[in-house]
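Residue numbers (the working numbering), protein chains in the order written: chain Z, 1 to 101; chain E, 1 to 494; chain W, 1 to 183; chain C, 1 to 680.
Source of the hints: derived by calculation from the structure; they are not laboratory data. Don't take every hint at face value.
Unchecked claim - The following residues of chain E were derived to be distant from chain W, with all beta-carbon distances above 12 Å:
#, residue
1, 37
2, 61
3, 202
4, 266
5, 355
6, 412
7, 444
To be verified - EDC-like mimics (lysine to aspartate or glutamate), calculated; alpha carbons at most 16 Å apart, straight line:
#, chain 1, residue 1, chain 2, residue 2
8, C, 466, C, 389
9, C, 466, C, 328
10, E, 154, Z, 94
11, E, 34, E, 99
12, W, 33, W, 97
13, Z, 89, E, 152
To be verified - Partial list, derived from the structure: chain C residues whose beta carbon lies under 7 Å from chain Z:
#, residue
14, 494
15, 658
16, 659
17, 662
18, 663
Every residue, glycine too, gets a C-beta built ideally from N, C-alpha and C.
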Amino acid sequence: MLLNQFLVLGAALFAFGVYGLLVRRNVVLILLSVELMLNAVNINLIAFESYLVSAQAVGQVFAIFVITVAAAEVGIGLAIVLMIFRNRKSANVDDLSLMRW
Amino acid sequence: MSWEVDYLAIAPELIIIGSLFLVLGLDLTLPRLKKYWTATAAVAGSALALIPLAFLAVEGETISMFDGSYVVDEFALVLKGLFLVTAYIVFLMSVNYIESERYYQGEYYLLLLASVLGSLVLASARDLIVLFIGIELVTGPLYLLAGWRKGDVKSNEASLKYFILGVLSTAILLYGMSVLYGLTGEITFSGLAEATAAMPNSPALTMAVLFLIVGFGFKISAVPFHFWAPDTYEGAPTPITAYLSVNSKAAGFVAMLLVMYLALPGVSDVWAPALWALAALSMTIGNLSALRQTNIVRLLAYSSIAQAGFMLVPFAAAAVAGADLEEAFSATVIYLVIYAVMNLGAFGVVIAGARTTKSGEISDWAGLSNVDSRAAVLVAVFFFSLAGIPPLAGWFAKFVMFRSVMIAGGAATVVLAVVAAVNAVIALYYYAKVVKSVWLDDATREFPGEFDEPPAGSLRLALAISVGLTVVVGFFPALATFVADASRVIAAGG
Amino acid sequence: MTFSDWIAEPVNWVFAAIGLAVLFSGFRVVTSKNVVHAALYLVGALAGTAGLFLLMSAEFVAWVLVLVYIGAVIVLFLFGIMITRAPTGLDESLSSDQTAMPALLSAAVFVVMTWASIDAFGTELLATVGEATSTQVIGESLLGRFVIPFEVVSFVLLAALIGGITIARRDLTPVEEEERMSV
Amino acid sequence: MVGMRALVIAAEEGGHGAVEAGTGGFWADTAGIMLVLPFVAFLLILAFGKRLKYKGGELAVGALAINLLWATVLFVLNMTGGVLDQTTFEIARIGSDLVFELGWVVDGLSIMMYFLVNFVGLLVFIYALGYMEGDVRVDWFFAAFSLFAGAMLVLVGAPNLIQMIIGWEGVGLASYFLIGFYWEDLDNVRAGNKAFMTNKVADVGLILGTILVGVAIGSFDFSELSIAAAEHAEALGAVAVAGGLLLFFGAMGKSAQFPLHIWLPDAMAGPTPVSALMHAATMVTAGIYLMARVFPLFQNLAQDTRGLMVVIGAITLFAIGLLALVADDIKKVLAYSTVSQLGYMMTAVAAGGYTAGLFHLFTHAFFKALLFLGAGAVIHAVHSNNMSDMGGLRKEMPTTYWTFVVGSLALAGIIPLAGFWSKDEILATLGHEGYTAVMWIAIAGAFVTAFYMARAVALTFHGTYKGEGHPHEAPRVMTAPLVGLAIPSIFVGILNIPGVDWPGIGNFTEWLGVRVVPMGDYHPEGIDWSLAAIGLVAAGAGLALGWLIFSRDRATQKARDRFEVPALYPLLRQKYFIDHAALGVVGATTGPIARFIDWTNTYIIDGIINLVGGVVKALGEFVYGTIDQRAVDGVFNGLSAVTDGAGSAVRRLQTGRVQQYAAGFVAGALILVVVFVLIV
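Please take these sequences and the hints and turn them into a complete structure.
Here's what the structure looks like:
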């Protein structure tokens, strides 16, 4: 298997994530898009690990850390969404432009 | 393989962890009215953690653990000291702010301590994984703390904007790290330095380096990755804003310094010009936007974007062939330390003054000197220091920054110095505007808040520390150059 | 390596199948007009990714991904969707109408990343197809060389947990608070 | 002490003609007390000022009195044997080579300034005790005034450029506070801001110049800089030119050289003692002092570079002097006059007349402070700044009148008063150095100077009183300093009669020559009597003409007479016709020029400043409003304008949208990557 077949797939997922982040209005859906991007990073890391094969499996360990941090960030993000929803009865980012200029 | 842990070396981290658990325990057991003890625990923890730092500094040995991925050297000690002192001041500023409104005190200090822990880890990080985890631990709690005023929709919004852009930057940063790992097979900084030095420039390497810069650029709020900063600063609780603009920004700079100078000195032909551009953009756009601000916190937000630009200036010197990287490195560190002290002071005085004015609008601060001359003097000290007027500390920071590019020479860096000089003049205008408002303008209304009583003891202590440091460092820059000498060691490859 | 060489290897057929599924799911995550569907498509994308990890002999990480994401995170998401009462049926307003600029940007992201990696790695092959990385190696790494980030990341989780609860919970109204204080 | 060794070495390396001088012993070693005491006074006044009888004025006066003791002893020591000493403390070190030091230098140049600042300062402070009595915020006034004195002494005593910058900024800050002292009046605040901004622009030059010179030479120390400039002039080359020009730019700001002079007349909004001390006698001379300190650097500059400085000085001395002719505000007359005299000093120093420029600085400080204080006494009495509200005051205010006349004659350069000798020396220098055209401009300037001073004296003290109320002489606490300043205004000139060595003490030129690197040309040639005569004639002509035109109320009473005494009107008109004839001679030449310059000053230079300000502001609004806040949005908006209605387009102009921030974020990252991949 080519290294690049995985990298290109990762790049595509990352690009989807960027797209979702930019167009989705619902905050929960934005979070889903972020997960796609982090997943793309994981694919990269694992592919590089299989390509390089380090003694301490650095790439895989790195991926585990990324997964953990991503989980924590989902928790944080959903907490923020709930807080905002409680105050505004909406999870739509378009409504959140109180501060500007 | 065995992995030795030097417990003295990580004692500051352990003390912070200890006080974090203490706060957790106290919060669970104490009745509601006694919750202020959690604040005491946090304040004490951040002060106690300085003690082992002193021991380590006296010993002066470089301790390297886990394959050199976690290092306690002079540079790390200096920055840990900076993080702890600034955290201490932020804790002091928080006490009454958090107590006076119905916030969750225990959880507040716990999250802030976690963030401090992250910055301590960051200062010692010498590989990408530790660095990444450190950054996440600094930032994660702050996403939540920015929204700590739960009922305030502005605070909600501050939190969400910070979070969304934060995770975006994390994703980009991680992508860059993964490509860097793939290209070199290394994650330790020393390994990366070796590998990249031998490697010809390729689009992938350039992209990876720039993605790292994007990630750090978010933390330090450099243009064009600054969009979150004004909104989040305005909406977040003021002590958290102070923390964001000082500790969290300092953490971003530490990460950037470590990665650029230690891990990627061989690719300075990529990152130095890129940071040149970010520096010029940040200074200019930050300053010009600040000119129009009417809210004092927003003004400080844009000003801190501009200050980040000034701090980035020395990085550009690395693009000049044969330039003295140590000079550039230490110039940024000195600027960072001085900026931290005076900016904290500025936020402290905003908190103190807001007791009287009950407003963040600069026009509402007019005539403050008539009723609260102490606060007015402090406004003058901190804002003039930020403007770089001698003999307040800020001038030395600017001086060192200019000097580093002048030494390096080279047309591009000199152009940047000129941009910086012009910006320094523009900046003076809006800083002076605040001072003028406080001192020279007539009050437009009765002050709604109290001004007979001095602010709470903890806030006074916080202000006293920052004003003391601002003035003393201005007169005796030796204090700051000590920092420089310590950091010089590391830039020399130590 | 030519395309015919590549296609001749059966493992690449498997890759192509999983990869297309992942791509499709990923695409639907960001375009679906139904919130719940979007979340479920993410499950698909993640499951496919886990399959890819298996192809790359990263067994442990694959199962971590399945357990953490599909087992926990997605459930969290679904809860989030329910609690925020997002319309669970078809909803045209889930995405902004202005898709041209984001599409352009994300296409550019894809092009740049692809170009960079093709330039750097060309036709390099993976080295370890077939031999799974032993979990022991990963375990020793995590608790040896990487014990500091391992310990530190637990504080990230702790902070997220405690802070998340504090932020998300409903504050007591003043009246309720009075009652509670008097008890 | 640390620094002394460097000085001794420096003196040895200085080679030929190294000055023989004592070290000043105790008095030089402790001279630093002068730099500290005013700050102590400042803090004490801030803390206790409100509770004291004179609101802290006694503390300010006390500090300067003690200072004056030191300054006087040092002055005498320097007169009799020469004093050369330097004491420094290291406060920071960058790397191994670059050292930051604070301390004080004691040599001929600094001793002169110590004496000047403390002597004039003390008299002005005493005067202020009377002048400011009963004013609001007197304690703050004296605190800021002490702060100024301390900063000025820090500047004067600076052994290196860094300390000089600290003092430089300190006096700027104090000036800002004091100009805006009457902050109830918005104009004063504006004036303060204008002064501050103009100076800041110039300060950028000073700071960049300092860094450039410091990095090139490896030290900020003046003695090392002097030696390097004297001995390695060739090697320094371009650095010396660039650094010198940048430093000169800084000096232009503080010393109000054209076109950066615009702040000084506005700065007169501050209380009069402030104008006397800061904006006439001491602070504004900081630029000249800086030029003198780094004189070896300028000495070795190319002739055309120095030519530029001489020309700027010449424009300043003549063109701005003309403005004093059309001003009605007595303080503005003196302000323009100060700018003009600073032009003389700058021209002289730039032309190579080290002693000439500084001697004029020295004499000017006495009589210009005297004139300001006199003007202050008048303003105090008539409650107006305008000369059209004055007149005939010589009977009511005899002391003020006579001292003011002394000051005016000294400024006009009438033999044997102080101004004659110093101005003559400048003319001699210009002639000697080959700047003949500039010399004639300077002579014309002398004519103008005498002319406007005659006008000021005539309008203020002669004719009939035109103001309100009954003016009376100022109290003793204010007139005593006037006398105290009038005496040196008469006599200090004889300290430096060319070719005259007073027994036992020599002359001013020698005292000033006590420096690390001796000045090449500090024994001026014998007096040029013909040039002196020409200068004297010019001054005399100016005085006579001014007197002729303005002494009998004609000019300003015209309007009044026309309405109140209609019968006399034709007669007056005819008289006035004579005035016109007389004015015609002057008016034909100077009038239009003065008006033109006034116009330029008002419309062009202010216009440029406003324009630049406006451009910066507009740029700010553009960048802020368009790039920062709308660019991202604008792109979105442009794309959606077709599909969306106008209403929603307006709504979308509102930003603060996180996703547009994110788009900017991603776009920024992409642009960086693409640009750098392509260029690296």
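For this session: Hey, is residue 37/E genuinely clear of chain W, shortest beta carbon separation above 12 Å?
Result: holds (18 Å)
For this session: Measuring Cβ to Cβ, find out whether residue 355/E lies farther than 12 Å from everything in chain W.
Result: holds (24 Å)
Problem set entry | Hint check: 7 Å Cβ-Cβ cutoff, residue 663/C to chain Z | holds (5 Å)
Exercise. In terms of Cβ atoms, is chain W entirely out of 12 Å range of residue 202/E?
Worked result: violated (5 Å)
For this session: Could you check if residue 658/C really has its C-beta closer than 7 Å to a C-beta on chain Z?
Result: Since chain Z brings a Cβ to about 6 Å from residue 658/C, closer than 7 Å, the hint holds.
Problem set entry | Satisfaction of hint between residue 99/E and residue 34/E, Cα-Cα up to 16 Å | Given that 16 Å is the threshold and the Cα spacing comes to 11 Å, the pair holds.
Problem set entry | Restraint check for residue 466/C with residue 328/C, where alpha carbons must lie at most 16 Å apart | holds (14 Å)
For this session: Could you check that no beta carbon of chain W comes within 12 Å of the beta carbon of residue 266/E?
Result: Holds: least Cβ distance 16 Å, greater than 12 Å.
Exercise. Given the proposed pairing of residue 466/C with residue 389/C, does the C-alpha separation stay at or below 16 Å?
Worked result: holds (5 Å)
Exercise. Just checking, residue 444/E versus chain W, shortest CB gap more than 12 Å?
Worked result: At about 34 Å from chain W, residue 444/E clears the 12 Å cut-off, so the statement holds.
Exercise. Does the no-contact call for residue 412/E survive, Cβ to all of chain W over 12 Å?
Worked result: Its Cβ never comes within 12 Å of chain W, the nearest being 25 Å, so this holds.
Problem set entry | No chain W beta carbon within 12 Å of residue 61/E's | holds (19 Å)
Against the hints set out earlier in the document, violations occur for numbers 3 and 14.
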